[in-house]
Amino acid sequence: MNAPAKIQETKAEQSLNAQFDAILAQTTQNNANQRKQAWDAFKAKGIPHRRVEEWHYTDLRTKMNDAFALASKTAPKAEALTGATGLETYRIAIVNGRYVPELSSNQAVAGLTVTEADGFLAAQLGTDDAMAHLNQALVQGGVTIKIDANATIERPIEIVRYTDGTEVSSYAGTSVDIGSGAKALIIESFEGDANAAYQSNALTEVKVGNNANIHWLKLQVESEKAQHIETYSVELGAQTNFQHFIYNEGSSLSRAQLFLEFKGEGTHAGLRGTSLLKDSQHADITLFVNHAVPECESREYYRAVVDDKARAVFQGKIIVEPDAQKTDGQMMIKSLLLSDTAEINAKPELEIFADDVQCAHGSTTGDIDEELLFYLMARGIPEAQARKILILAFLSEAIEEFEEERSVKLLEAMIRKWLHADDVVSE
Amino acid sequence: MLEIKNLHAEVDGNKILRGIDLTVRPGEVHAIMGPNGSGKSTLSYVLAGKDDYEITEGSITYNGVDWSELGADERAAAGMFLAFQYPIEIPGVATMTFLKTALNAQRKARGEDEISTPDFMKLVREKSKALKVTPDMLKRPLNVGFSGGEKKRAEILQMSLLEPTLCVLDETDSGLDIDALRIVSEGVNQLRSPDRSMIVITHYQRLLDHIVPDVVHVLSKGKIVKTGGKELALELEKNGYADYVDEEAA
Amino acid sequence: MAAVQETIDQVKAIDVDQYKYGFVTDIESELAPKGLNEDIVAFISAKKEEPEWMLNWRLEAYRRWKTMEEPTWARVEYPKIDFEDLHYYAAPKNTEGPKSLDEVDPELLETYKKLGIPLAEQEILAGVAPENRVAVDAVFDSVSVATTFKEELAKAGVIFCPISEAVREHPELVQKYLGSVVPVSDNFYATLNSAVFSDGSFVYVPPGVRCPMELSTYFRINEKNTGQFERTLIIADKGSYVSYLEGCTAPQRDENQLHAAVVELVALEDAEIKYSTVQNWYPGDSEGKGGIYNFVTKRGDCREKNSKISWTQVETGSAITWKYPSCILRGDNSQGEFYSIAISNGHQQIDSGTKMIHLGKNTASRIISKGISAGVSQNTYRGQVSAHRKASNARNFTQCDSLLIGDKCGAHTVPYIESKNSTAVFEHEATTSKISDDQMFYCQARGLDEEEAVALIVNGFVRDVIQQLPMEFAVEAQKLISISLEGSVG
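Chains as they are written, first to last, in numbering that gives the first Met the number 0: chain A, 0 to 426; chain B, 0 to 249; chain C, 0 to 489.
Some hints here could point you the wrong way.
The calculated label-pair distances, taken between Cβ atoms and stated as ranges, are [unchecked claim]:
1) SER279/A <-> GLY18/B: 45 to 53 angstroms
2) GLU428/C <-> VAL10/B: 54 to 62 angstroms
3) ARG109/B <-> ALA412/A: 24 to 32 angstroms
4) PRO321/A <-> VAL10/B: 48 to 56 angstroms
5) GLU76/C <-> ALA43/A: 19 to 27 angstroms
6) GLY405/C <-> ARG124/B: 58 to 66 angstroms
7) GLY36/B <-> MET470/C: 30 to 38 angstroms
8) ARG365/C <-> ALA79/A: 36 to 44 angstroms
9) GLY144/B <-> ALA79/A: 43 to 51 angstroms
10) LYS14/B <-> GLY156/C: 55 to 63 angstroms
Just so you know, these hints were derived from the structure itself, not from any lab. A quick note: this is a predicted structure, and the numbers were derived from the prediction, not measured. Glycine residues also receive a C-beta, built at the ideal position from the N, C-alpha and C atoms.
All chains, please: the whole structure from these sequences, using the hints.
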């Protein structure tokens with residue numbers, strides 16, 4: 000609730016200055032202009048801090064002590080990349096921001112085109128966020144993925160973004176253009192060297208045509224010392240079904256910010272996710288869902304399990320523009336705090352300018368329900384096991400709603416692993 | 000054998016049970032009746048070992064073991080089963096998964112092997128049929144979206160699967176229509192056996208038409224104020240609890 | 000149905016653009032020169048015959064204020080206020096401390112009569128049962144003009160007087176509590192108020208006393224180009240109880256008027272304060288011209304264990320409302336409540352809500368907010384619920400509903416939910432909808448016309464909050480709601 004104030008440059012900002020000058024020196028004229036434009040937009044705001052309302056709960060200025068050097072081009076071994084384990088996928092590997100064909104799938108898939116990009120996305124981003132601008136100013140490379148109209152891609156398309164090295168930073172740009180009537184499952188994963196401290200900043204632009212059916216699963220399993228930011232700019236056509244899921248497990252600090260705009264009527268967007276946090280992890284999910292046209296439906300359902308000194312942040316804003324009659328927007332944030340030092344901050348917002356709407360949001364925060372625990376124990380289940388069952392149940396509910404069988408299985412396995420709950424529930 | 004001696008218990012500092020003495024031998028069915036607020040549900044929670052229900056005086060022993068230090072799960076493994084008045088809904092946990100987890104947890108606590116999946120499936124199918132628990136119900140999350148009758152039938156199904164030796168049925172008849180009452184009662188009656196004890200807690204006599212008790216106790220203001228045979232329930236039905244409430248007050 | 004019929008009649012009796020309380024009273028008044036500086040602060044202090052400590056307190060606030068900037072985070076828009084173009088003090092000329100009602104200017108008494116607030120005690124006594132009596136402190140522009148039932152309250156040990164009088168008569172209480180809930184530097188408007196407040200009510204209820212009647216203040220802005228800066232301080236000592244009502248009106252004027260009040264409540268061990276507001280400042284005309292800028296800081300401190308503070312507000316007036324009656328739940332087992340109906344019509348802008356700050360153990364809070372937007376208005380609920388590390392077993396329940404009437408208005412919900420304690424359980428629910436066609440059809444099929452149907456449904460929508468108001472105010476509030484929504488249908 001405070002006005003922004005002008006403040007001195009931090010060490011991180013000073014490092015960024017030098018990095019930008021260096022990268023500009025080796026860029027072609029055309030790209031240089033784009034970089035400069037983005038850089039100016041970043042500089043106008045600086046690294047976001049708590050007085051910037053959208054970053055109130057994630058004071059990046061304080062948390063980002065320095066900006067690590069831009070990661071150079073490396074070629075890690077194929078085994079280093081984990082990705083979506085156990086699934087046969089069409090893999091697109093991006094290491095330190097750059098597309099690596101040697102680590103990617105090479106046989107052609109009908110309807111799918113992957114092109115190495117120099118990282119510059121369309122100028123019109125659905126956001127004016129400082130960290131998105133920073134990505135555009137420093138972006139190291141990336142890909143453009145095109146799915147043809149009416150193509151059904153059976154095999155999951157896997158985008159693995161890997162940061163190789165420690166005390167480095169990577170800036171990846173990804174543009175996904177999905178044609179009308181297309182159907183696909185996209186699995187993005189973010190990872191890096193275990194225990195390495197690095198910064199990864201990704202900008203992902205998604206454009207979906209009409210009548211498409213897209214499932215998008217993000218697996219954020221960065222190293223536990225990483226700082227991770229991903230900005231999505233999503234535009235959806237008419238009569239489309241777009242299902243998005245964020246699985247947050249890695250990073251000491253992570254922020255997923257999703258700017259979504261409905262461009263066509265009759266579209267459904269399901270935005271879901273789970274954050275599993277321990278130690279002193281900090282995970283922020285921030286959404287801006289703009290209902291710009293009538294008769295669209297959005298669901299924003301997120302759950303967090305927060306242990307130790309970890310902190311979960313959820314901010315969601317549903318905007319209903321004056322013409323967006325018959326909008327149906329429902330947001331629900333549920334959090335389980337497992338320790339006395341865990342923390343949750345939620346800000347589920349509604350901004351409504353049309354009258355014929357059904358919008359609701361809800362939020363619950365608390366520990367495991369004692370009544371449920373007692374019921375399980377009264378049936379002979381020991382307390383530690385009962386707790387795990389209830390946490391698993393709490394998270395499973397969110398996962399099942401994603402309604403994509405391969406992803407649901409993958410996620411359940413990951414959650415069990417996180418919980419050390421292999422033996423907890425009989426299958 | 001369950002032995003309750005001079006049991007005093009309180010919840011959040013409110014004294015609810017004020018000296019209960021009760022012995023239930025294997026094979027016996029005891030009914031505990033009483034007006035609202037007499038402490039019936041509290042007694043069931045104290046027996047099951049709910050956290051906030053504190054025993055301030057007296058003791059509970061089962062088969063010679065003092066229960067005061069045992070957690071709810073340990074009591075369950077020792078043979079205790081509470082059929083809840085309001086069975087808890089647990090979203091995200093399929094009923095089937097829950098049943099198997101509970102059964103295996105108890106077997107493990109008793110040092111037995113886990114049941115194999117085919118054996119378990121067979122067992123559940125067999126038991127659920129009699130109680131009219133459908134395969135669909137078993138797939139759904141535990142008690143979520145179940146009707147009142149479905150919840151009570153699911154409770155009795157759990158009881159028949161877990162094969163406890165001490166069953167406490169807390170107002171199992173509440174919220175049941177006459178057909179559901181009959182199905183649930185039949186399920187309970189089938190579980191009556193010489194080595195199993197039951198405590199049936201109820202406000203109304205009608206349940207006792209179906210589950211005929213050996214002994215009836217009247218609970219009022221945290222104490223058993225009268226004990227008799229099954230005819231005592233009929234007398235209560237006719238005259239209400241007024242006699243006992245007044246007697247206590249006087 | 001009687002109440003509904005009554006509202007309909009009320010609505011029909013009033014023209015679309017007519018604000019019932021929009022008359023101007025023709026009274027000579029004494030004005031401080033426009034603008035604000037240390038001299039003006041000293042002038043106000045001198046007018047009030049204040050001791051030196053009070054003047055110093057004001058000057059410190061003024062110096063603070065000079066360094067502060069107007070907040071911009073609220074969802075309200077208005078042209079920049081020229082703080083040099085305001086009178087910071089206005090007083091009816093003939094009312095320098097009336098000793099009794101007889102000395103009060105008859106014009107003034109007439110004004111309050113028009114507002115439906117009887118000040119003459121004999122009038123109140125006639126035909127009113129003793130338990131239904133209300134003691135009234137009437138504040139006209141910046142000055143308290145009359146306080147009724149003072150003597151009877153004094154018998155019970157209750158102090159109820161203008162705050163300027165309390166500064167002189169009960170300095171130990173004022174010094175101890177003034178600024179202890181809303182610190183001098185709290186926010187731009189509160190700091191301004193601290194520098195220039197001219198009057199307001201003071202209440203002290205001694206230990207163990209249940210205040211024998213409802214206490215009430217009626218605020219009236221009359222003078223042109225004046226800012227009204229009243230200050231209210233209520234202290235409920237150990238084991239006491241008080242219910243306080245506040246009503247506000249202003250004349251229709253084309254220019255905007257500023258109202259920047261501060262209300263501080265302190266509840267000690269086992270004490271309870273119930274504070275109800277019916278805010279009906281002039282909202283501006285149908286073009287959005289004129290109206291009051293209502294920038295108010297209200298906060299209650301449940302300072303000791305088992306205390307309780309309950310805010311109930313019916314906000315129908317003002318061009319702009321910026322107001323967050325809050326509770327600091329410091330004492331263990333303390334409770335805070337916020338019940339609100341906020342109605343915006345025409346060009347009104349409301350940004351209102353509450354803060355429930357859980358600091359103590361086993362603290363509980365409840366928020367019920369009902370926002371209704373019509374016309375081209377913007378209506379925002381902004382609320383914060385937080386549990387600090389030590390607030391074990393804190394509980395909050397928030398229900399926040401918005402109703403939209405017409406497609407030109409906006410309804411917004413901005414909750415901040417912050418928990419640092421795993422045993423704290425917070426539940427928040429919010430909905431936004433319009434009156435459903437099915438509901439309208441059902442009512443109309445039972446013979447209600449469109450306006451009646453809307454009145455009925457809206458009354459149902461706000462019922463949970465209306466029930467919290469003292470009886471006589473509940474009726475008034477219900478009428479007010481219908482009048483505020485006048486012209487919103489069709």
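- Honestly, which of those hints from before does the structure not fit? Of the numbered hints, 2, 8, 10 do not hold.
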